[in-house]
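Spelled out, the chains give:
2 protein chains.
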Amino acid sequence: MRARGWDALVLSGSDPHCSEYPAARWKQIEWITGFTGEAADIVITQDHAGLWTDSRYFIQAGIQLDGTGFTLHKTRVPEQVLIPEWIRQNLEADSVLVFDGSCQCVDAVTEFTDEYSVANVPNLIDVLWKDRPAIPQTPVFAIEAGETRASKLAWLREFIAGKDASGMLISALDEVAWLLNIRASDIEYNPMAIAYLLVTGKDASLFILKDDDPDPDSCATFDILRSQGIHILPYSDVELVLSEGFEGKLLLDSDTVNYNLWSMCSADVELCGSPVQLRKAVKNDYEIQGMRKAQLLDGIAMENFLYWLEKSVQSQQGITEWDAAVKLGKLRAENEGYTGDSFETISAYGPGAALPHYITPEENAPMLFERGLYLCDSGAQYGFGTTDITRTVPLGECTSLEKEDYTLVLKGHIDLAMAVFPEGTAGCHLDVLARNPLWSSKRNFGHGTGHGVGFFLGVHEGPQGIRQNFNSTPMKAGMITSDEPGIYREGKHGVRHENLILCKEAGTNSFGKWMEFETLTLCHFDTSAIVRELLGKAETEWLNRYNRRVYESLSPYLSSEVRDWLRDKTAAI
Amino acid sequence: MRARGWDALVLSGSDPHCSEYPAARWKQIEWITGFTGEAADIVITQDHAGLWTDSRYFIQAGIQLDGTGFTLHKTRVPEQVLIPEWIRQNLEADSVLVFDGSCQCVDAVTEFTDEYSVANVPNLIDVLWKDRPAIPQTPVFAIEAGETRASKLAWLREFIAGKDASGMLISALDEVAWLLNIRASDIEYNPMAIAYLLVTGKDASLFILKDDDPDPDSCATFDILRSQGIHILPYSDVELVLSEGFEGKLLLDSDTVNYNLWSMCSADVELCGSPVQLRKAVKNDYEIQGMRKAQLLDGIAMENFLYWLEKSVQSQQGITEWDAAVKLGKLRAENEGYTGDSFETISAYGPGAALPHYITPEENAPMLFERGLYLCDSGAQYGFGTTDITRTVPLGECTSLEKEDYTLVLKGHIDLAMAVFPEGTAGCHLDVLARNPLWSSKRNFGHGTGHGVGFFLGVHEGPQGIRQNFNSTPMKAGMITSDEPGIYREGKHGVRHENLILCKEAGTNSFGKWMEFETLTLCHFDTSAIVRELLGKAETEWLNRYNRRVYESLSPYLSSEVRDWLRDKTAAI
Chain R
1 MRARGWDALV LSGSDPHCSE YPAARWKQIE WITGFTGEAA DIVITQDHAG LWTDSRYFIQ
61 AGIQLDGTGF TLHKTRVPEQ VLIPEWIRQN LEADSVLVFD GSCQCVDAVT EFTDEYSVAN
121 VPNLIDVLWK DRPAIPQTPV FAIEAGETRA SKLAWLREFI AGKDASGMLI SALDEVAWLL
181 NIRASDIEYN PMAIAYLLVT GKDASLFILK DDDPDPDSCA TFDILRSQGI HILPYSDVEL
241 VLSEGFEGKL LLDSDTVNYN LWSMCSADVE LCGSPVQLRK AVKNDYEIQG MRKAQLLDGI
301 AMENFLYWLE KSVQSQQGIT EWDAAVKLGK LRAENEGYTG DSFETISAYG PGAALPHYIT
361 PEENAPMLFE RGLYLCDSGA QYGFGTTDIT RTVPLGECTS LEKEDYTLVL KGHIDLAMAV
421 FPEGTAGCHL DVLARNPLWS SKRNFGHGTG HGVGFFLGVH EGPQGIRQNF NSTPMKAGMI
481 TSDEPGIYRE GKHGVRHENL ILCKEAGTNS FGKWMEFETL TLCHFDTSAI VRELLGKAET
541 EWLNRYNRRV YESLSPYLSS EVRDWLRDKT AAI
Chain F
574 MRARGWDALV LSGSDPHCSE YPAARWKQIE WITGFTGEAA DIVITQDHAG LWTDSRYFIQ
634 AGIQLDGTGF TLHKTRVPEQ VLIPEWIRQN LEADSVLVFD GSCQCVDAVT EFTDEYSVAN
694 VPNLIDVLWK DRPAIPQTPV FAIEAGETRA SKLAWLREFI AGKDASGMLI SALDEVAWLL
754 NIRASDIEYN PMAIAYLLVT GKDASLFILK DDDPDPDSCA TFDILRSQGI HILPYSDVEL
814 VLSEGFEGKL LLDSDTVNYN LWSMCSADVE LCGSPVQLRK AVKNDYEIQG MRKAQLLDGI
874 AMENFLYWLE KSVQSQQGIT EWDAAVKLGK LRAENEGYTG DSFETISAYG PGAALPHYIT
934 PEENAPMLFE RGLYLCDSGA QYGFGTTDIT RTVPLGECTS LEKEDYTLVL KGHIDLAMAV
994 FPEGTAGCHL DVLARNPLWS SKRNFGHGTG HGVGFFLGVH EGPQGIRQNF NSTPMKAGMI
1054 TSDEPGIYRE GKHGVRHENL ILCKEAGTNS FGKWMEFETL TLCHFDTSAI VRELLGKAET
1114 EWLNRYNRRV YESLSPYLSS EVRDWLRDKT AAI
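So the protein lines, in turn, are chains R and F. Using the working numbering, read the first sequence as starting at 1 and increasing by one per residue. Using the working numbering, read the second sequence as starting at 574 and increasing by one per residue.
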């Protein structure tokens, strides 16, 4: 840096598509710092090396950064000093700031160009990172999704025309996958291909990395795409096409296009939000049916798992958190259409569960005993849907604090699941329904209550969310969102109860149009840890109705032992 | 307009201080259109005359505009086309738009200057409005407010210095009153003087309209102010001072300075939000004690009123909505420190109560009978606080729908009053607590749940609010806000239950710092119309505790008949 006259190096933990979960090639923050959390950015100056990450990872970062020379800068806390502010406080105007513009969104760089001398050095760590992983290339396959790619592209072309533009570059990986009804496995847990899609009024080009002799699945998929007028071009050609000129106005997605691509555009360019995100979030009937099937299969695996867990712990077989995660993975893998997990299973017992983003260790994982609470947050990708479920179960005797926490979190979960609300209501207005039972006894949790879930796509997707942050996106019929309040007591225990809920219309009356949720996830809530007097009548009725529905839906697919066990577990309270 | 080449005339229903409630002089919209609602703006072109107002006034505007040639444009509805959009749709670029810039906030005019030819004609209707009322001049008096004006001015000077400015023009009437600890009666229901306050690093000038020979109260007040180094200058001199030049940077309140003043400033000017609004909203101990006393006195008047109401209706004395409003006014006027009502009393029976902003007619007011629901929304100004209370009471037999509505609105009111929440929570996050009991049975109301209330100042004040609109202002200890959910069934009945609630600290634990509300208003909720099974245990306990507290607080001040009656009314359910 000194030799080059660089005052500060700013590196993001994302990929050229501003993905939440990048492939190994773009885990540059982990490679540099050793920190393995999913969200981190770093700034290196001559006298400081700082890593910025949020409250989910404070404990982990504290451990992993120890001795590295990196200082932890906390985000999502009231006293946070984010990177732009930190830079302004610590670097004089006209200092040279160096970005890897290929892994930075546009705003993150342009906001400095007035005050500082900004340099864009794409892939700047390539020279140092000798064994840097290659861009992944997994088979690309076509799927059914209830709407043809021709129909989706025609809709996008209408949007483009409405903006008086000639084309739009789709840079978000899940949007490329959704628009073309294709999937791959380029990123762990995320069934997407690393690709760009350029859509113009008359044609479309998919920029994707493939060897000269691609795998048969990809070949077949590309043939289908080509037959529908979609060009297949090498991944890096996107730079060529953008820099060589594009006729008319080109729309770029302000959220996910990287600075490097934006800066090399020779065309008339407009940064705007992609309309795909919202339309993708509103599932069509085919997708909803697929999601229902996925939750059913997932519920079977979950009930078999919970049965096994209870019996194994009671018979003192010495199983660990890791053993449990492995067992659950195996049970899920038996399901039709299973292609992998949708994220790394959190299998956490006692104090481990007090970390919302606990990573279950393969070696020396804590052993499970016949007491206290065990938390398991997991999910799968099926060819017809994505799942995400958390169950917290008592393994034996629980303290009264554990029982209270268990019940109040469940009460919040139920209150949100039961919500009826006017059309146009946003998730940030509903969030308090899940928190109020906890707030009433001065308890709270530090994460959002709900995130959107894709159809055989990312387990986190927008634009809706159920959280305190202002987000004006209304809950629309067809959106599938998680409902996952929790509570975390450091060194003691953690509780989280999570189902996926589908937003549906609920009729119209003189007060307007109404919406409600239908719970999609099918797996019983254990009633033995419930403090009954903390639940109201309506909440208890909801719980009994839900558990009965779980039993009725899943019992035909369970062995007689598990079925009998589940009948007892789902008995009304 | 044709002779002058004007294509459109845009007139607001506000005064030079962008007040919510202007004095008679600035009721230009009423003078032109006959519409008496509190919030309206008009646009007149060669072929259209339009009046824009919100959902509170649709029915009233429909009646009052009939035959005037004015078309109603609805605001606060999803399909609204606000004035800026309407102008862009209906007037070609470069058209001449004429504003009375003295009654328009800055943004409302400047947003057109790029596209249109904008002319500012201050007081443009003066030539037509022959008997236009004068600017009011009522006695100005000084009050105790728990903090000296010297301390408040010193604090504002710190803010000014922090913005590297030399001064700030305070244009909001309630901010002038708050900063100088002065009150007057220039605007009905609003104990303020029409004035500007210019604060600089070393001195302060109050611009206020006073005759050469002012009243003794004002003289005494001005003497006090002068003795503390505050100059008293004629109201219109503010234009002179701003246009003649001001040394250094001058801060103007972006929310309330008018376009005319802003445009004549010769100084280096910065538009910024006034810091006074937030600080004024956080009441000090003296103000809180005063507000408590005001609610106590108001509660005595309310209980005497409700007793009289019940007996009068039961003995079939043929009283009307108007008679009831007059009676309540008289009872309030007996209270120590009463200076007037804080807004026009809404005394509404049956269908009238279905209009949230019903105006009780003096002539031919509906008679009250021994059945159904009567709603009364009223408040007073005392020298030591402001009140705002709504009670809905059954006058006899009620339908089951009336009882359900009565109970569900009360349930929402109680749920909000009981809320406990983390420090930093904004009112828009809490709003759903008051709505959820209604939403659950697909009922709703079309207004906000709570507004800030001043200390012997405006009955509506910001910056906090409890409503769906995003507003990031957190609820802070010392803020006093209304809690007033409702329900309105056109042609049938209306219910609203309103108390004022004080935000307080509620301790700190491992989850952080907690806040809660204390109800300040003291007047029982009638229990006879309650459907008991719709209230939960905690809600019933709250209600019984509240009614008992009302009885204990007020009974020493009531006659034996009213006391006995109130004891029965407040019996636990």
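Warning: the hint list may mix true and false statements.
As the list claims (entries may be wrong) - Here are a few chain R residues that face chain F, going by a calculated C-beta distance under 8 Å:
1. Trp-31
2. Trp-86
3. Gln-289
4. Ala-333
5. Leu-430
6. Arg-443
7. Asn-444
What the hints assert, rightly or not - Derived DSBU-like pairs: lysine-lysine, alpha-carbon spacing no greater than 30 Å straight-line:
8. R:Lys-293 to R:Lys-311
9. R:Lys-403 to R:Lys-327
10. R:Lys-513 to F:Lys-775
11. R:Lys-442 to F:Lys-1086
12. F:Lys-1086 to R:Lys-513
13. R:Lys-476 to R:Lys-293
14. R:Lys-537 to F:Lys-866
15. R:Lys-513 to F:Lys-822
16. F:Lys-647 to F:Lys-1015
17. F:Lys-1086 to R:Lys-492
18. F:Lys-647 to R:Lys-163
19. F:Lys-866 to F:Lys-1077
20. F:Lys-1110 to R:Lys-403
21. R:Lys-293 to R:Lys-249
22. F:Lys-725 to R:Lys-504
23. F:Lys-1086 to F:Lys-866
24. R:Lys-476 to R:Lys-403
25. F:Lys-647 to F:Lys-725
26. F:Lys-866 to F:Lys-775
27. F:Lys-822 to R:Lys-442
28. R:Lys-513 to F:Lys-976
Stated by the list, open to error - Reference listing, derived: stretches of chain R covered by chain F, where coverage requires no fewer than 3 residues with Cβ under 8 Å from a Cβ of chain F:
29. 317 to 323
30. 432 to 440
Just so you know, these hints were derived from the structure itself, not from any lab. Think of the CB as a built atom: it goes at the ideal place given N, C-alpha and C, for glycine as much as any other residue.
Original post:
Which hint numbers does the structure go against, in order from smallest to largest?
Top reply: Of the numbered hints given earlier, those the structure breaks are 1, 2, 3, 4, 10, 12, 14, 15, 21, 22, 24, 25, 26, 27 and 29, listed in rising order.
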